[in-house]
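Note that the protein sequences, when read in sequence, are chains U and R. If you're matching positions, the first sequence starts at 1 in UniProt numbering and goes up one per residue. If you're matching positions, the second sequence starts at 1 in UniProt numbering and goes up one per residue.
Please keep in mind that the hints were generated in silico from the structure rather than gathered at the bench. Because the structure is a prediction, the values reported are computed rather than measured. There's no promise every hint is true.
As the list claims (entries may be wrong) - If the Cβ cut is set under 7 Å, some of the chain R residues that face chain U in the computed set are:
# : residue
1 : T65
2 : P79
3 : Y185
Stated by the list, open to error - Residues from chain R that keep clear of chain U, each with C-beta distances beyond 12 Å, as calculated:
#  : residue
4  : S17
5  : Q45
6  : P53
7  : L61
8  : L78
9  : G126
10 : L142
11 : I154
12 : V195
13 : H213
14 : V214
All residues carry an ideal CB built from backbone N, CA and C; glycine is no exception.
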Amino acid sequence: MERKALGAICACLLLLIVGIAGCTGTQTETPAATGSEKQTYIIGIDAEYPPYSYLDKDGNAIGFDVDSAKWIAEQQGFDVTFQPTAWDGIIPALQAGKIDMVYSGMTITKERQEKVNFSIPYWKVNQSVAIHDDTSVTMDDFYAGTLIIGAQRGTTGQIWVEENLIETGKMPAENLKLYDNFPLVATDLQNKRIDAAIYDTPPMLDAIADKPAHIIGEIDTGEEYGVAIRKSDVALLNTMNEGLEKLMNDPYWDELQDKWEM
Amino acid sequence: MDQITFLTEILLPALMSGLVVTLQLIAVSAPFGLLLGIGVAVGRQYGGGILSPVCKVFVYLIKGTPLLLLLIILYFGLPSVGITFSAFTASVIGFILCNGAYNSEYIRGAILSIKDGQMVAAQALGMTRLQAIRNIILPQALIRAIPGLSNEFIYLIKYSSLAYMLTVIELSGAGKLVATKYFAYTETFMVVGLVYLALVTITTVAVNLLEKHVSVPGMIRGETSAMQL
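Excised from the complex, chain U in its bound form:
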């Protein structure tokens, strides 16, 4: 009996050692491989942000921003992989080096600029407000702060409501419901738990396409999207700025907009 137990422990230890050795093996391989070939950058994306970045049925990253990033990578001579990351934790992930940039419809804000660098802006959007088809609330109700509003945590929609409705005292803070991702906001709009949802216009259109909801108005916030890059990665920032300028002056830029119906 004791022999058997000893044997089992030895086997477990062996597995553990092999496992650890396997891990370190891959870790040391990567720099060696990239040293001789192209540099690979990990791009963090919101996986539920169509048409900018989302996943197809097989789990591959697709979208306007994904195509743009691939084009720039090809032009500037590096490889990219896409890493879906929780939006409200994406900047810490960038700072911690889990990802190398955020190229996923990220609005350039002052608060974010304190933590990370942004590329030149490449897109402009506004916030839009959607309501359930059965209700008849108006933008006036929305601005008056009488509605229950849903937003995705960490988005500029949340920030807009906080700054313009809650901090001005028009709306009690508990009337802003915050969700993990936007599909959940759209679901609760369908369930009529919230009166209105706020989100960037293009992904909003996509999220409510198959829901009994429609957009009643836009808020002209004039937000600009940029690529977020760690403050220490100045070289990468220059590479991306160059790449973005090339892209926006290339016929492919119009092609992309047609492809993603923007």
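Given the coordinates of chain U, work out where chain R should sit on it, guided by the hints.
Here is chain R on its own, set in the frame of chain U:
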């Protein structure tokens, strides 16, 4: 903004309101979770041909699925069949079901540790089965189940944080909002962790006092040596 102002003017007020919600969640869930646990344990042990399998399946289902899934079904799924709970209600229902299922296992274990002879003796004295369970078996079993039940209560404190997936802004949800807004993740979650630690410490001390208070001399084997510690 320096660290002290961030802590005293932003983080702590936000966490205090979150803590209130967490305590409300626990205060509502725990008593019903205990009652459900007792009911399911007794039902499974003494329920007979119908009730016993029902309790067994209930425990099996709750133990076999993640609580988060249960909460999401309760909140986002049920409206499609016409049942719309508020976020707080959906969370509490989920917590009661989960807490009750695990509690029932601790209580059932304690019931099994009471010798069959006690039931026979109680019935020989003229008690009905139900009377015997209520007055003889359960009082002893519940005392024996205290360590397990307190463990589950501590779990409840911690899994109450899942309510924030359903838009309830409780302690960790409040922390996450502050962290996201000010990008101060490490500091915020350290403080949130300390608050949970404090809650668990209070629970542990309270359970120790409770155990001393309800202990019956000689009932639990090895108790005298435990008392000396």
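Hints, verified against the model:
1. T65: violated, 19 Å
2. P79: Hint on R/P79: holds, closest Cβ of chain U at ~4 Å, below 7 Å.
3. Y185: Cβ of R/Y185 sits 5 Å from chain U, so the hint holds.
4. S17: Given a closest Cβ separation of 9 Å, the condition is violated.
5. Q45: At roughly 35 Å from the nearest Cβ of chain U, R/Q45 sits farther out than 12 Å, so the non-interface label holds.
6. P53: At roughly 34 Å from the nearest Cβ of chain U, R/P53 sits farther out than 12 Å, so the non-interface label holds.
7. L61: holds, 24 Å
8. L78: violated, 9 Å
9. G126: holds, 51 Å
10. L142: holds, 38 Å
11. I154: Holds: least Cβ distance 25 Å, greater than 12 Å.
12. V195: Its Cβ never comes within 12 Å of chain U, the nearest being 20 Å, so this holds.
13. H213: holds, 39 Å
14. V214: It holds; R/V214 is separated from chain U by about 40 Å at its closest Cβ, greater than 12 Å.
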